[in-house]
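Participant: So the sequences go chain by chain: A and B. Position 346, counted from 1, in the first sequence is what my numbering calls 346; the numbers after and before it change by one each time, with no gaps. Position 393, counted from 1, in the second sequence is what my numbering calls 393; the numbers after and before it change by one each time, with no gaps.
What the hints contain is simulated information worked out from the structure, not anything from laboratory work. Keep in mind that this is a model prediction, so the values were computed, not measured. You may find that some hints are simply not true.
Pairs involving identical chains hold if they fit within one copy or between any two copies, as the list cannot separate such chains.
Simulated crosslink set (DSS-like; lysine-lysine; CA at most 25 Å straight-line) [said to hold, decoys possible]:
{"#": "1", "residue 1": "K252", "residue 2": "K158"}
{"#": "2", "residue 1": "K158", "residue 2": "K196"}
{"#": "3", "residue 1": "K112", "residue 2": "K164"}
{"#": "4", "residue 1": "K267", "residue 2": "K293"}
{"#": "5", "residue 1": "K196", "residue 2": "K252"}
{"#": "6", "residue 1": "K252", "residue 2": "K267"}
Protein chains: 2
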Amino acid sequence: MMEVNATSDRCDPDRPAHPGVFPTRVAGERDHQPAERSVDFPVSVVLPAGGTGERTGLQTPKQFCSFLGRPLISYTVQAFERVSWIQSIVVVVAKENMDLMTDIVQRFQHRKVRAVPGGSSRHRSIWNGVLALGAGQGAVVIIHDAVRPFVDEDLLYKIATAAKEHGAAGAVRPLVSTVIATTPDGYLDHSLERAKYRASEMPQGFTYDVIHQAYQQCSESDFEFGTECLHLALQYCGTNAKLIQGPPTLWKVTYKRDLAAAESIIKDALSRSACVITGGSARAATLADALQKAVGALGTELDVIPDLKGGNSRYLLKENFIQVSVGRSCLSEVEAVLTELQAANRALLHPLVVIWVHLSDSDELSVSVRAAEPAAIMDLSSAAKLRNILLYGIQLHQSKDTEGWERSLSRVAELTSALIRERSPALVGQLLQA
Amino acid sequence: MMEVNATSDRCDPDRPAHPGVFPTRVAGERDHQPAERSVDFPVSVVLPAGGTGERTGLQTPKQFCSFLGRPLISYTVQAFERVSWIQSIVVVVAKENMDLMTDIVQRFQHRKVRAVPGGSSRHRSIWNGVLALGAGQGAVVIIHDAVRPFVDEDLLYKIATAAKEHGAAGAVRPLVSTVIATTPDGYLDHSLERAKYRASEMPQGFTYDVIHQAYQQCSESDFEFGTECLHLALQYCGTNAKLIQGPPTLWKVTYKRDLAAAESIIKDALSRSACVITGGSARAATLADALQKAVGALGTELDVIPDLKGGNSRYLLKENFIQVSVGRSCLSEVEAVLTELQAANRALLHPLVVIWVHLSDSDELSVSVRAAEPAAIMDLSSAAKLRNILLYGIQLHQSKDTEGWERSLSRVAELTSALIRERSPALVGQLLQA
Numbered sequence: 001m002m003e004v005n006a007t008s009d010r011c012d013p014d015r016p017a018h019p020g021v022f023p024t025r026v027a028g029e030r031d032h033q034p035a036e037r038s039v040d041f042p043v044s045v046v047l048p049a050g051g052t053g054e055r056t057g058l059q060t061p062k063q064f065c066s067f068l069g070r071p072l073i074s075y076t077v078q079a080f081e082r083v084s085w086i087q088s089i090v091v092v093v094a095k096e097n098m099d100l101m102t103d104i105v106q107r108f109q110h111r112k113v114r115a116v117p118g119g120s121s122r123h124r125s126i127w128n129g130v131l132a133l134g135a136g137q138g139a140v141v142i143i144h145d146a147v148r149p150f151v152d153e154d155l156l157y158k159i160a161t162a163a164k165e166h167g168a169a170g171a172v173r174p175l176v177s178t179v180i181a182t183t184p185d186g187y188l189d190h191s192l193e194r195a196k197y198r199a200s201e202m203p204q205g206f207t208y209d210v211i212h213q214a215y216q217q218c219s220e221s222d223f224e225f226g227t228e229c230l231h232l233a234l235q236y237c238g239t240n241a242k243l244i245q246g247p248p249t250l251w252k253v254t255y256k257r258d259l260a261a262a263e264s265i266i267k268d269a270l271s272r273s274a275c276v277i278t279g280g281s282a283r284a285a286t287l288a289d290a291l292q293k294a295v296g297a298l299g300t301e302l303d304v305i306p307d308l309k310g311g312n313s314r315y316l317l318k319e320n321f322i323q324v325s326v327g328r329s330c331l332s333e334v335e336a337v338l339t340e341l342q343a344a345n346r347a348l349l350h351p352l353v354v355i356w357v358h359l360s361d362s363d364e365l366s367v368s369v370r371a372a373e374p375a376a377i378m379d380l381s382s383a384a385k386l387r388n389i390l391l392y393g394i395q396l397h398q399s400k401d402t403e404g405w406e407r408s409l410s411r412v413a414e415l416t417s418a419l420i421r422e423r424s425p426a427l428v429g430q431l432l433q434a
Numbered sequence: 001m002m003e004v005n006a007t008s009d010r011c012d013p014d015r016p017a018h019p020g021v022f023p024t025r026v027a028g029e030r031d032h033q034p035a036e037r038s039v040d041f042p043v044s045v046v047l048p049a050g051g052t053g054e055r056t057g058l059q060t061p062k063q064f065c066s067f068l069g070r071p072l073i074s075y076t077v078q079a080f081e082r083v084s085w086i087q088s089i090v091v092v093v094a095k096e097n098m099d100l101m102t103d104i105v106q107r108f109q110h111r112k113v114r115a116v117p118g119g120s121s122r123h124r125s126i127w128n129g130v131l132a133l134g135a136g137q138g139a140v141v142i143i144h145d146a147v148r149p150f151v152d153e154d155l156l157y158k159i160a161t162a163a164k165e166h167g168a169a170g171a172v173r174p175l176v177s178t179v180i181a182t183t184p185d186g187y188l189d190h191s192l193e194r195a196k197y198r199a200s201e202m203p204q205g206f207t208y209d210v211i212h213q214a215y216q217q218c219s220e221s222d223f224e225f226g227t228e229c230l231h232l233a234l235q236y237c238g239t240n241a242k243l244i245q246g247p248p249t250l251w252k253v254t255y256k257r258d259l260a261a262a263e264s265i266i267k268d269a270l271s272r273s274a275c276v277i278t279g280g281s282a283r284a285a286t287l288a289d290a291l292q293k294a295v296g297a298l299g300t301e302l303d304v305i306p307d308l309k310g311g312n313s314r315y316l317l318k319e320n321f322i323q324v325s326v327g328r329s330c331l332s333e334v335e336a337v338l339t340e341l342q343a344a345n346r347a348l349l350h351p352l353v354v355i356w357v358h359l360s361d362s363d364e365l366s367v368s369v370r371a372a373e374p375a376a377i378m379d380l381s382s383a384a385k386l387r388n389i390l391l392y393g394i395q396l397h398q399s400k401d402t403e404g405w406e407r408s409l410s411r412v413a414e415l416t417s418a419l420i421r422e423r424s425p426a427l428v429g430q431l432l433q434a
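Kindly produce the complete structure, drawing on both the sequences and the hints.
Facilitator: Spelled out as structure tokens, the structure:
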């Protein structure tokens, strides 16, 4: 029987199931973008995030639910903020959430963002946002959902340029289910031919003139009950929006299961690669090379470096760090890594993982767990956790036979891979045995 | 700022996001169903599972992707098998997957299931399945997707009885996105009024006569390109299907993110409750009571019992076990639990979790980690893993001050909760420190 990990790329390698190009950028690598497209007109964004959860009995509206300590809305904001040609972002929130949103903007150091209070319906909120932009003729306004955090620059570019050219543009996806029309008493009336229809998704783009005119002219009933901006542009401006197929990761976080799916995509993105620091020791370097192969085979790519100084300081942009030490058991190297990460303010947007892998000279499991070590790493991890750094230890044992060594090595790899992927706060400070 | 765990019920407590009634039953508690409805006509099921992944470049078709060591199709089969009034299930698979499916049926001891080879399209496969049923007049045939594992008895009952009454019935869901019609050159033509339409989902039910006649009379083009059985019943039998709104958990596992969502629902279901075994010692019972409160506060309900014998053998149906010991450090009690679980064949459908929580008398972290213990629990866990039981250890330390004790206790609770929820194979055999 095929045994496939549920999150493995072996299921669904390169079509709908693939999370698109987003994940390579979630990592906050703002300064390492691929070559950017030029956009020679002003582009602003309105993000309606007005749901209070009241209608649906939610205690926390989904846009404020946290993933790895950070609310969904902050991920969405970051997706726009990292695009250099996007000038400003207006987030429209319910009045009672204004303070919360202001707090999020400050805490995660968002720069292009302003929060404005929403209206009593989705369209009124978007209209408030458009007015708050104060954009002018020639500008393009992108409208997106706060609960669609995985939007990439490529699609934003296509939407913005198509909106500029055609007046309006929107992302679409193929229908997953057949759509059927119902009779008033709950029977099938007819089913639609799936190929002729699409699901209308976000982002959508409009020239400022089109979206402004659409909202100025639309009816109270549109404001109250409508949901589709493309429809208003068609009805009140005669603009047939250009439709652009987006990736499946555009989906809207709607149900509880979507929270788990979003968390999984974020964790995937954060566990792609790690950096192994050897401290320059030859024995540590040998162990690091073995780890590189074993962990690489489990899907996380490792770079091996002696330290984080000089040119290697660029590795501070990684999400995961493995400090390898052999023989002497000493946490000072780990402390140094923690200090450097803190100085670089690298754990602002998501927790970093630091794993201390220590190979003791003894082949006796029991003897190597020395008196001070478990307590020391526990203390160190408690302090690091307050700075959003998750520290774990793995104790590896010298083995006389090759088979035992291979088994230990594969266990280190499995543990490392699981710690990096799961980012479990409960396990910090543990000294695991390999 | 509100910090909400992505999988917590605090986000989306009781509407779409809630995974419905399924999870209370995923646990394989076949013999503990709520009062069953009576169904006085024969009901059979056809499960098309014919996708080979070829069209989409999948290495493993989604229905054969594994969650916690068990393929998705087995979860779906179980969802039907546990319903007493369902008589037989025909799974239609591609010829090249017949052996795989037969293996799954044997390995997970499915009883009502037969695998038959599929045709070259979805409708041809379903038709093969209907013919293989050999059901007769008066019978109802339920058609479902292999990749919708979370279907509950309540909905199946509604579909079956509505199909019996009206000839055909199908599950529907509200549309999440607006549906739009496109022009041939990729522009918006018009958008549909969302309230008038529904997404057609599965399961669907038909009287045998209706589904048989529909397939006998439908065209080659229907067989080749059609997807909607309700449409065939309408077109060829004049039967307007009764539509029944299903829960959001009916959704079809389509994209990679859906695999993570499905895994999360399965893990939720398996981490609802656990059973604490004290061995009858008064000190262990005191610790168990403290754990009951602390772990309960994190969302897992604990039952405290002295052992699994006599009337307590009903607790063998739990998914998670915590063996508590105080003072003496002895793994024999854990070994006894493992033996009992194995004898009851309880780890057939999903991995069970056994956690050994040991409170040592010493308040010195280092001294308590005695020579033999870590190696012994590692060995025991390796053997248990082969029997689908995940064994972990937690070492708790007597503390002189209340504050230290509270901290340890809350760490045990956090660790226990994380181990039960994550069911990580990488961490088995670890003796974690609390």
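Participant: Each hint should be assessed against the structure and marked as holding or not.
Facilitator: Taking the hints in turn, this is what the structure says about them:
In this assembly of identical chains, the alpha carbons of K252 and K158 lie at most 25 Å apart only when taken from the same copy (20 Å versus 29 Å across copies). With identical chains, the CA atoms of K158 and K196 are at most 25 Å apart within one copy only, with a shortest distance of 22 Å there and 32 Å across copies. Only within a single protomer do K112 and K164 lie at most 25 Å apart by alpha-carbon distance; the minimum there is 22 Å, versus 60 Å between protomers. Only within a single protomer do K267 and K293 lie at most 25 Å apart by alpha-carbon distance; the minimum there is 22 Å, versus 31 Å between protomers.
Within a single copy, K196 and K252 get their C-alpha atoms as close as 22 Å, and across copies as close as 21 Å, so both meet the 25 Å cut-off. Taking the shortest alpha-carbon separations for K252 and K267, both the intra-copy value of 18 Å and the inter-copy value of 23 Å come in at or below 25 Å.
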